[in-house]
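This is what each chain is made of:
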Amino acid sequence: MRLFLALILCKLIRLALRLLGRGGTALPGKAALKICPDMLGKLSKGVATVLITGTNGKTTTARMTEQMIRDAGYSYFANRSGSNLERGIAAEFAANSTIFGRPKRTYAIIECDEAAFRTVAGKVAPRVIVVTNIFRDQLDRFGEVTRTLESIREGVKKAPEAVLCLNADCSLTASLAEGVPNTLRLFGMDVPLEESAGVSDAPRCIRCGAEYAYSFRTFAHLGGFFCPDCGYARQRPAVSITAVRAFLPEGSEADFMIDGAAYPAYVGLPAAYNLYNAAAALAAATALGVPAQKAAGSLADTRDVFGRMESFEINGVPIRMILVKNPAGCDRALDYLAGMIQGEYLAVFCLNDNVADGTDVSWIWDSGFERLFSGGTEPGLIVSGTRAEDMRLRLKYAGAREDAVRIIQGDGALIAAAAAGGVPVYILPTYTAMLSIRSELTRLCGGRKFWE
Amino acid sequence: MEISICHLYPDVLNLYGDRGNVLCMQKRLAWRGIDCTVAGIQIGDSRPLSGFDLFFIGGGQDFEQEILLRDLGNKKAADIKAAAEDGKPFLCVCGGYQLMGKTYETSKGVRCDYLGVLDMFTVGAEKRVTGNFAFEFEGVPVVGFENHSGRTFLGEGVSPLGRVISGFGNNGEDGTEGARYQNVFGTYSHGPVLPKNPAFCDYILETALSRKYGREILEPLPDESENAAHDTMLRRMTGKEAKP
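Listed in order, the protein sequences are those of chains A and B. Using the working numbering, the first residue of the first sequence is number 1, and each one after it goes up by one. Using the working numbering, the first residue of the second sequence is number 453, and each one after it goes up by one.
Keep in mind the hints are simulated off the structure, nothing from the lab. Heads up, some of the hints might be wrong.
[Claimed, not checked] Simulated restraints, written as ranges between beta carbons of each label pair:
| hint | chain 1 | residue 1 | chain 2 | residue 2 | range |
| --- | --- | --- | --- | --- | --- |
| 1 | A | S374 | B | E671 | 26 to 34 Å |
| 2 | A | G399 | B | D683 | 49 to 57 Å |
| 3 | A | R443 | B | E676 | 29 to 37 Å |
[As the list claims (entries may be wrong)] Straight line, CA to CA, 30 Å or less: simulated DSSO-like cross-link-like pairs of lysine-lysine:
| hint | chain 1 | residue 1 | chain 2 | residue 2 |
| --- | --- | --- | --- | --- |
| 4 | B | K579 | A | K325 |
| 5 | A | K294 | A | K104 |
| 6 | A | K104 | A | K42 |
| 7 | A | K34 | A | K104 |
| 8 | A | K45 | A | K11 |
| 9 | A | K157 | A | K325 |
| 10 | A | K30 | A | K42 |
| 11 | B | K579 | A | K34 |
| 12 | A | K34 | A | K45 |
| 13 | A | K157 | B | K579 |
| 14 | B | K533 | B | K479 |
| 15 | A | K104 | A | K30 |
| 16 | B | K554 | B | K533 |
| 17 | B | K579 | B | K554 |
| 18 | B | K554 | B | K664 |
| 19 | A | K325 | B | K479 |
| 20 | A | K157 | A | K34 |
| 21 | B | K533 | B | K560 |
| 22 | A | K30 | A | K11 |
| 23 | B | K560 | A | K157 |
| 24 | B | K560 | A | K158 |
| 25 | A | K30 | B | K579 |
| 26 | B | K479 | B | K664 |
| 27 | A | K158 | B | K579 |
Glycine residues also receive a C-beta, built at the ideal position from the N, C-alpha and C atoms.
If we strip away everything but chain B, and leave its shape as in the complex, we get (with noise of 0.2 Å):
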């Protein structure tokens, strides 16, 4: 089995660790004997996206996401979102979230038109929200780490991805965070979210795999680090040093 990862412009959505996601990826695959190859699409390149099983796109600096849009704008906005309506696996993170979404407006008034995968808007805030926070998805606590301006709303055609358990999520007012719709998976977790959520990257890449292979369960593995960090995070935002 192998698994082909599209990591969405790694040279300039390369903020807060990232990349780590697909580090994680990549080992729990191999830990698995599982083939993968991960391919850094950059800012004009313009090989198709059709043959790749599963996409990354990380947060980025303001600067640079208008460079994005302009190389976004013609084919790969639409080979984004075949591969996403053909329900192939997506993990987008706060910018790489806020991208999959319809519209972008500044705290200024400036409305910017995004990919429209997700039936979802974003709205510029001048406060920024910094801060450790968990949300729920399947069941499971995942905890990672929030700093965006921007708030979410969803609309009719997604789900949220969870529900906030502690901090602030898509919007501070709804409970919801990220967004989920077919295969894909968007966030505002950082941390990197993916190495210290074993059970979500497994999701993930079942996922994955089960799309292209047939129904495919990972066996698990010791993950001793993985939750050692994670439920140590959980504790301090459950327990006595909740922090908004």
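So that you can see chain A by itself, here it is in the shape it has in the complex (with noise of 0.2 Å):
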């Protein structure tokens, strides 16, 4: 009666915000499991769920794992909006049952928010896990990187039924697979990649402390990992990438291993770290059936990603906006910034501090700007949001002249002043800053709502 109760109410406030033309993606959720805290887990009964988390990659796991289940015919529904705590992954679950909580849908491809991952997985019972990687991100709010794998550790503990993908070159990911029964179905990159390194946040062995040789590298701390001492060691995964042909600007080419066959493949979405997260929608999509060859030949089509290298064009300028949040994800752009750019080009950085940002914005120092001045096309850059003065102090420190960075502030005139230059602009956002932005250029162009 709880459960009906609530349904009702989610249902009718996610009905209303619909209305009104909001999102409403977690208030009928925190409403509703008010009523019924145990709404998840009912509401997850008979739904196969693919739960993704991890620090990044996750909405752009959960895109492409979505394009090959859709190409594959399946009936599922997604959590296509970001909400990815408990009570937006709840609201979700709501949206897509009937009144009296029978699924609608076989299939769900969730993310899931890495602290919110230790409750939603022992309530939706998942089919399969997919933890992308773990790095250092948001401390403020997660603590130190070992506190965010053991929260998810915690999760993986509570679903034994799961199939477990797992990204084989991050020993902190990695170590996951570490005493539980799950079967376990690893992805990872069997290539080095010549990709800057950056800083380490896994130098030392998460069993015995020493440090770790690696026998190739990929970018940050993952690769070919083994600890001298103790041999704790990278396994070979079940889905890797075997060559990499061809990065291009907007896509790259790519040899893929899947259970001991063959399959090249055009990814749609550009840079390395767009290869990881394929090869991680691949784990999870054949592990839920879907055909290798299949799987393979979706991963040309998944392409915008909302405001993960979403491309947009205003005055005939293009936009494509990056969002960055940490300083792995912000070195992996700004190599495919200095790596993949020819010619002339703008480069935007809006900095928030918002709690949904981190409040601490002092990861940027941990990020390599320095190869934005290092030879080749310096670009334009403009620098915006409420820590926009950090933003351009660093840049100063990486090697921009201090009378180059303009501040611009609000949306409307960021975008106006971007695309003014004439030439293809790169913004790259923190969270909120992308959300904003994201609503302005959509409005300019006429594009989708982002539950859409």
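The task is to assemble the complex, starting from two chains supplied on their own in separate frames and drawing on the hints.
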């Protein structure tokens, strides 16, 4: 009865918010959970759920997995809005069940916040768990990386039936396989990358504390790690990238190995880190029974992912938005800018310090902005956001001329100034900055609403 | 002129952008035409520390602090003490600051012996203090970000680095922030602290230069971006948006 009431309330609030033209992705769930705290556990019964967590790449991996199972003709739903705490996830399940709590769809592709995963994993009994990677992120909220790891571990232990898809190249993530009975399905990259290493978030063995050695490295602390003291080492992944044929500005060509068979594929999102996301999605979709050939073919069709390498065009000027929220992710975006962009371009950095961004912005000093100024075309520079001055200061110490960095506040003014340059624009915003700039860009372009 | 900086444990004490402090010192010396070298001393590196002019220690994860104590154990601890007693400047932030004290007692009552350079001790608490904060150092407000669960109490042998203007500081009780002994500057301030507080950075650099070359006054730099970042944050904290 409580579930019934909660469902009615949840659906009504969601409908009302939509009528008001608002997203309403968390509030309905919050209200409903008050009435029926186990709503999520009840509604997820009978739904084959893929639960995706990790520091970076959750949303992109979810969109790629979604593309694969959509192309394979599965009946599914997803929390596409990015509302990834328990209340948002509960609301998504509610929206996709009948008023009597029966599921309307067979599959669910759910991205889940790392801290919320502990609770959510125990409630939804996932069919598949994907952990993309673990990096330092919002230390003011999550604390140290080992705490994030332990929170995810707690969630994994509550879901012994789930197929566990883990990043084989991340020594932190791969350690989640220890001492659990789950079926393991690792993914990773078998070849080194020429990316900048940056600060390592895991220089020392998670088991014994000795310094890791690497047979090859991809980026950050990812790669063929092994501990010379205790023997903890990377395991061979079931799904891997065996060769990168081309990194292009709009996407990548790579060879994937899935359960021993080779599949060349085009990934419709650029940059090396999206190859990891592609491998994670392949591991998840094939675990659900999607044929490998078909899943690999779907990789070409995931292009625009909410704020993540998403493209817009204003007055003929191409604008790409790349969400950045931690040093590892930001370094990847900077690698992309410094390595991939030919000719003149404008880089826009929007640094906010709201709670959802992380109130501590010190991470920008752990990210290698220097590579924008180490040869090649130096970009035009604009900074914005609640901590624009901190961002400008970081760029100065990275090598920017003090008078070359403009501070422009307000989304409208920012977009106008950016597009006025006539050269391609790359906007690197933190989370809340991304939301507001994206909404202005979408309005100007007449695009979709984010919950669609 | 030349300053050689020793960055202690850059591989494990590398949280919260603290390496920005080293970058800041390097740049501010370079902009004045003063040479600067930086050596990262990692775990297992037993190079003598006596040749360095300036030392930096940042904050780290609890997981890695244990490994660190093992490495400090014998010779390195003695080297660090000798350099500090010798009047060499140290900037020690958060975990690195606590490490310079006598002891650290966890919230569960386990006590670790630390370096004992500074007459102070730290006690772990359940509740973490996180947020922007400001303190006064030599008459100038310093802005930064604090993120620590330890509460530090100073003994007779050290002075506080400054008085808290906004935020928590050493322990939230006595209004002190950080510690100063000889030329050891200890602080809870991340941010990183130096780029946004150029006066504090130059003070440390002048201390290092004066010790090596006799009295040195650094020529001023434009510091437009530095002051803008500093003033914006100070205004936010002391103005209408004051947050604990």
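| query | Which hints from the list above does the structure break, by number from lowest to highest? | reply | 2
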